[in-house]
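Residue numbers (my numbering), protein chains in the order written: chain W, 1 to 272; chain G, 1 to 307; chain Z, 1 to 399.
Take these hints with a grain of salt, some might be off.
As the list claims (entries may be wrong) - Pairs of lysine-lysine residues, derived as DSSO-like cross-links and limited to a Cα-Cα distance of at most 27 angstroms, are as follows:
| id | chain 1 | residue 1 | chain 2 | residue 2 |
| --- | --- | --- | --- | --- |
| 1 | Z | Lys83 | G | Lys114 |
| 2 | Z | Lys272 | Z | Lys233 |
| 3 | Z | Lys233 | Z | Lys290 |
| 4 | Z | Lys120 | Z | Lys184 |
| 5 | G | Lys114 | Z | Lys80 |
| 6 | W | Lys266 | G | Lys114 |
| 7 | Z | Lys290 | Z | Lys272 |
As the list claims (entries may be wrong) - Taking CB as the label site, the calculated pair distances span:
| id | chain 1 | residue 1 | chain 2 | residue 2 | range |
| --- | --- | --- | --- | --- | --- |
| 8 | W | Ser261 | Z | Ser19 | 36 to 44 angstroms |
| 9 | Z | Arg136 | G | Ile102 | 51 to 59 angstroms |
| 10 | G | Thr152 | W | Ala269 | 45 to 53 angstroms |
Worth flagging that the hints you see were computed from the coordinates, not collected in a lab. Where a beta carbon is used, it is the ideal one built from N, C-alpha and C, also for glycine.
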Amino acid sequence: MRTFSFGKLSLGTALLPIYSALALVFLLVPIVYTFVFSFNDSVKSNIVWVGFTLDNWTNVCNAQGVCGAFFTSMLVGVVATVIATVLGTLMAIALARYRFRARSAISLLLFLPMATPEVVLGAGLAAQFLSAGVPKGLLTIIIAHALFCLSFVVVTVKARVASLDPALEEAGRDLYGSPLQVFWKITFPLLLPGITAAALLSFALSFDDFIITRFNNGGVETFPIFVYTAAARGVPAEANVIASAVFILALVIVVVSQLTSAARRKRLAKQA
Amino acid sequence: MAFAAFGSAPAGTSGVEQAPRRRSRVALILLAPGLAYLALFFLTPLVSLVLTSFQAPVEFGDVGQYQPAFKIENYAVVVEAYWPHFLRAFGYALAATFFALIISYPLAYFIGVKARRWPLLQALMLTLVIAPFFISFLLRTLAWKSLMSDDTPLVIALKALSILPPDGHLTGTAFSVIFGLTYNFIPFMTLPIYTTLERLDTRYLEAGSDLYAGPATTFWRVTLPLSLPGIVSGTLLTFIPAAGDYINASASFLGSAQTSMVGNAIEANFLGLLNYPAASALSVILMGLILIIVGVYVKRSGTEDLL
Amino acid sequence: MAGGAFAEAGADLELIGISKRFPGFTAIEELDLRIPAGSFFALLGPSGCGKTTTLRLVAGLEEPTTGRILIGGKDVTNVKSFKRPVNTVFQSYALFPHMTVLENVAFGLRRRNIADPVGKAHEALRLVELDHLAARRPLQLSGGQQQRVALARAIVNRPALLLLDEPLGALDLKLRRQMQLELKSIQNEVGLTFLHVTHDQEEAMTMADTVAVMNRGQIEQMGAPEELYELPKTSFVANFLGQSNLFTGPVTSSTGSSIVVDVAGVKVEVPKDRAQRHAGEVTVGVRPEKLMLHTSAPKQSAGSNSLGPGRVTDVSFSGVSTQYQIAIPGIGLVTVFAQNMVFGPVVNLGSAAWVSWSVEHGFGLLDEPERAPRFAADTDTATIAMQTRHELLAEIEEA
Numbered sequence: 001m002r003t004f005s006f007g008k009l010s011l012g013t014a015l016l017p018i019y020s021a022l023a024l025v026f027l028l029v030p031i032v033y034t035f036v037f038s039f040n041d042s043v044k045s046n047i048v049w050v051g052f053t054l055d056n057w058t059n060v061c062n063a064q065g066v067c068g069a070f071f072t073s074m075l076v077g078v079v080a081t082v083i084a085t086v087l088g089t090l091m092a093i094a095l096a097r098y099r100f101r102a103r104s105a106i107s108l109l110l111f112l113p114m115a116t117p118e119v120v121l122g123a124g125l126a127a128q129f130l131s132a133g134v135p136k137g138l139l140t141i142i143i144a145h146a147l148f149c150l151s152f153v154v155v156t157v158k159a160r161v162a163s164l165d166p167a168l169e170e171a172g173r174d175l176y177g178s179p180l181q182v183f184w185k186i187t188f189p190l191l192l193p194g195i196t197a198a199a200l201l202s203f204a205l206s207f208d209d210f211i212i213t214r215f216n217n218g219g220v221e222t223f224p225i226f227v228y229t230a231a232a233r234g235v236p237a238e239a240n241v242i243a244s245a246v247f248i249l250a251l252v253i254v255v256v257s258q259l260t261s262a263a264r265r266k267r268l269a270k271q272a
Numbered sequence: 001m002a003f004a005a006f007g008s009a010p011a012g013t014s015g016v017e018q019a020p021r022r023r024s025r026v027a028l029i030l031l032a033p034g035l036a037y038l039a040l041f042f043l044t045p046l047v048s049l050v051l052t053s054f055q056a057p058v059e060f061g062d063v064g065q066y067q068p069a070f071k072i073e074n075y076a077v078v079v080e081a082y083w084p085h086f087l088r089a090f091g092y093a094l095a096a097t098f099f100a101l102i103i104s105y106p107l108a109y110f111i112g113v114k115a116r117r118w119p120l121l122q123a124l125m126l127t128l129v130i131a132p133f134f135i136s137f138l139l140r141t142l143a144w145k146s147l148m149s150d151d152t153p154l155v156i157a158l159k160a161l162s163i164l165p166p167d168g169h170l171t172g173t174a175f176s177v178i179f180g181l182t183y184n185f186i187p188f189m190t191l192p193i194y195t196t197l198e199r200l201d202t203r204y205l206e207a208g209s210d211l212y213a214g215p216a217t218t219f220w221r222v223t224l225p226l227s228l229p230g231i232v233s234g235t236l237l238t239f240i241p242a243a244g245d246y247i248n249a250s251a252s253f254l255g256s257a258q259t260s261m262v263g264n265a266i267e268a269n270f271l272g273l274l275n276y277p278a279a280s281a282l283s284v285i286l287m288g289l290i291l292i293i294v295g296v297y298v299k300r301s302g303t304e305d306l307l
Numbered sequence: 001m002a003g004g005a006f007a008e009a010g011a012d013l014e015l016i017g018i019s020k021r022f023p024g025f026t027a028i029e030e031l032d033l034r035i036p037a038g039s040f041f042a043l044l045g046p047s048g049c050g051k052t053t054t055l056r057l058v059a060g061l062e063e064p065t066t067g068r069i070l071i072g073g074k075d076v077t078n079v080k081s082f083k084r085p086v087n088t089v090f091q092s093y094a095l096f097p098h099m100t101v102l103e104n105v106a107f108g109l110r111r112r113n114i115a116d117p118v119g120k121a122h123e124a125l126r127l128v129e130l131d132h133l134a135a136r137r138p139l140q141l142s143g144g145q146q147q148r149v150a151l152a153r154a155i156v157n158r159p160a161l162l163l164l165d166e167p168l169g170a171l172d173l174k175l176r177r178q179m180q181l182e183l184k185s186i187q188n189e190v191g192l193t194f195l196h197v198t199h200d201q202e203e204a205m206t207m208a209d210t211v212a213v214m215n216r217g218q219i220e221q222m223g224a225p226e227e228l229y230e231l232p233k234t235s236f237v238a239n240f241l242g243q244s245n246l247f248t249g250p251v252t253s254s255t256g257s258s259i260v261v262d263v264a265g266v267k268v269e270v271p272k273d274r275a276q277r278h279a280g281e282v283t284v285g286v287r288p289e290k291l292m293l294h295t296s297a298p299k300q301s302a303g304s305n306s307l308g309p310g311r312v313t314d315v316s317f318s319g320v321s322t323q324y325q326i327a328i329p330g331i332g333l334v335t336v337f338a339q340n341m342v343f344g345p346v347v348n349l350g351s352a353a354w355v356s357w358s359v360e361h362g363f364g365l366l367d368e369p370e371r372a373p374r375f376a377a378d379t380d381t382a383t384i385a386m387q388t389r390h391e392l393l394a395e396i397e398e399a
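Work out the full structure, taking the sequences as your base and the hints as a guide.
Written out as structure tokens, the structure reads:
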């Protein structure tokens, strides 16, 4: 009886983990491919495996334009993230903490950019810059990136504000804090994890954006634009190196932050 | 991490509304900069998109020179020329959304419900789900292109098994485009579903079992309806960008001239042919269709509060 | 789809040698239990004592490591929970938030393809007086209303056995009293077997015919509420079910009907039929409300025990009665509940006091006396010194 039910159980319960593992493997295939081919000793196009080399990693900037594109992407990402995070955080606080008539209209306005296909956002901005006579370049890229990051920041931070107990701010005021002091000493530190998450998300979105950038870049090359332009004639292995390095760095950040928060939880659990 | 951005209403809880507390003047001050930004760089561009879509070429002007007009025929022209692109865009996006859901739901269920007992496994699997975000979208797609190109073991094997005809290709087909779209949007599907399932109270499942519902019935009657908000936001986050995508369908990635989607048409008209009115008209139609589809879908699934 | 017939009346529940081990700890150890059909049975114990695990085993939500579970004589150990003729009122109610109240109540009926699920659901809602809210969602109801919906959702299925997992825990005191009475009358009405798990001793005693006190995965004592209260067999039961004054000492003599225990030099007499052990070191006790408080030494008389003098260290007035704490040298703190027959406390804080009780109210426990003094922090140094001296003397005598 017992072995029978155990046997039945193992077949049914094994199916889901196996399916999940396969799905994850599927997700990782192109990542592994990109990483492996960053070591390819290719001359021009990095499609056929030639041999193993570390040269691509030691001399990343050898490929024409790859490092410039990378630094442009970093710059755009940082500036757009700062703009989107500041504006978005303020909006999130207003939307989560106050009741006013236009509230649902504003929520809809914030949802719309997320529901708009990137190609429409990109074309719209490009049409606007065209009719206003603004030359496309670094500035227009940054404006575009901050725009599509804004909605994501608001959604992320709003969730955090909504989960915040308003009694904490009331306690702050009760203990003689002025509104500004209450914000800086209580609200802001408590929102910081949400704001950080929002900023990381916006940087990631900006760094990887291609479609909107493509419509507004003028001659400026970000990393995705570089890859796109190179795709026609073969992407150099150095691009794989940069992508892999960014990937590893991001993974390390995520793993470290998860491990530290797990350790903190454990420590708190022990104290309790 | 940043999963909250893909979040949705938790299963089985109600949002407790906070009472109005302070003057809305403070709210206005907080909102003003963001609203100004949205007005200037989101609403105005949409308006100029509409205006551009009616423009007419400047007589005897250069390519790309247009003047304000009310040339409504632009719409008839682009629909005439590009209706297959619309069909393909929505067809491919629908297929990709379906396959992404089929792949993501069990995965999200496993991470959000079954893996609760092992927080480290849960964290590891979630990290793997978002891992594709950390590597360039274009390079991932190119990797699939290389893996599916004509002389790879995969294609040779498929030909040997007669699944693919001897002169067939994997890349440049509807299959490869849908494949690419599915692959690229799986994390957008998995994360919101995971968020609702992770908060699913397993006591509801026990209650179902206690009330004579077997595992399948409990799933169908309890788990699935409770995870509906996640499914709705996941399908939207997949369908909308997939319908507007043009990377996967472009010839230098997984597509070919035969798989062109609306996005490709907009890009070609705007950046290649400098036919701004046509590109704008296509954009306006695409946006309008998506808004209608999203509106109907959200209404039908009864999850308006997601907005 | 659900196997087995569903009894209109309740069925017996039998647990035979049940153990449940989780990685790292044992929740239940070799548990044997028999609950007769139609009874209202309460499993009472502190959190972590294994009572909820027992309930989940019966419901089929957990599998026992060893042992068998029989419902109405049928072995259901390997029957999945959705096929057992058992329903549960969950602690959190677990009402499906996406369904109306009516859909929730009809859920089980529909799964078993019972005719007229809607009519039967309305009938069950009428029983709990909530039929007018049938179209609402559970989250629109108050806690007490949700609790009644959960009850209707379970009893509408006419299970042979109804399991109640602390269903009243979330309610306030007044509502809880009202629900206790309602539950009891519904049980009388439908005649099902109820298994109620709770940590609230008052709830268990007012509602159940039989109470089993659980501690550390085992049943310490089982019986009718009055029996458990009158004659606790272990110090755990004596203190979990109400309060007790416990004294430890060797049995010095034994008459035909009672034993005499030497408690720090004072002779305490306990009836033999109320004492579990009649020789050696024993713990005897008496309930605080059985004690009489005296301001002068009471006359020694047959059929009565007395202790004192001590000093009143605490007086707290609670309306119906007043609770006194009296520190008696060599014995420790003694608690007295005195009915407020006259106005104001009879004895003032700090004054000298004696206590007495009639021999027939005492009881003797089965436990081995505990080595460490009880409530060490509450006892004064003199008491501790006295106890240590006694322990030493006992050791010398043994040697």
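Legend entry - Straight-line alpha-carbon gap Lys272 (chain Z) to Lys233 (chain Z), limit 27 angstroms: holds, 13 angstroms
Inset, instruction - Can you let me know if the beta-carbon spacing of Ser261 (chain W) and Ser19 (chain Z) is within 36 to 44 angstroms? - result: holds, 37 angstroms
Legend entry - Hinted pair Lys233 (chain Z) and Lys290 (chain Z), Cα distance within 27 angstroms: Holds, at about 18 angstroms.
Legend entry - Range agreement (Cβ of Ile102 (chain G) with Cβ of Arg136 (chain Z), hint 51 to 59 angstroms): violated, 36 angstroms
Inset, instruction - Take the C-alpha atoms of Lys83 (chain Z) and Lys114 (chain G), compute the straight-line distance between them, and say whether it is at most 27 angstroms. - result: holds, 23 angstroms
Inset, instruction - Measure nothing beyond the straight line between the CA atoms of Lys266 (chain W) and Lys114 (chain G); if it is 27 angstroms or shorter, mark the hint as holding. - result: holds, 21 angstroms
Inset, instruction - For the pair supplied as a hint, Lys120 (chain Z) and Lys184 (chain Z), confirm whether the alpha-carbon distance does not exceed 27 angstroms. - result: holds, 21 angstroms
Legend entry - Satisfaction of hint between Lys272 (chain Z) and Lys290 (chain Z), Cα-Cα up to 27 angstroms: Answer holds: Lys290 (chain Z) to Lys272 (chain Z) is near 18 angstroms, not above 27 angstroms.
Inset, instruction - Compare the distance between the alpha carbons of Lys114 (chain G) and Lys80 (chain Z) with 27 angstroms, and conclude whether the hinted pair is satisfied. - result: holds, 19 angstroms
Legend entry - Thr152 (chain G) paired with Ala269 (chain W), Cβ distance criterion 45 to 53 angstroms: Between Thr152 (chain G) and Ala269 (chain W), where Cβ atoms are some 50 angstroms apart, the hint holds.
Taken one by one, the earlier hints fail for this structure only at number 9.
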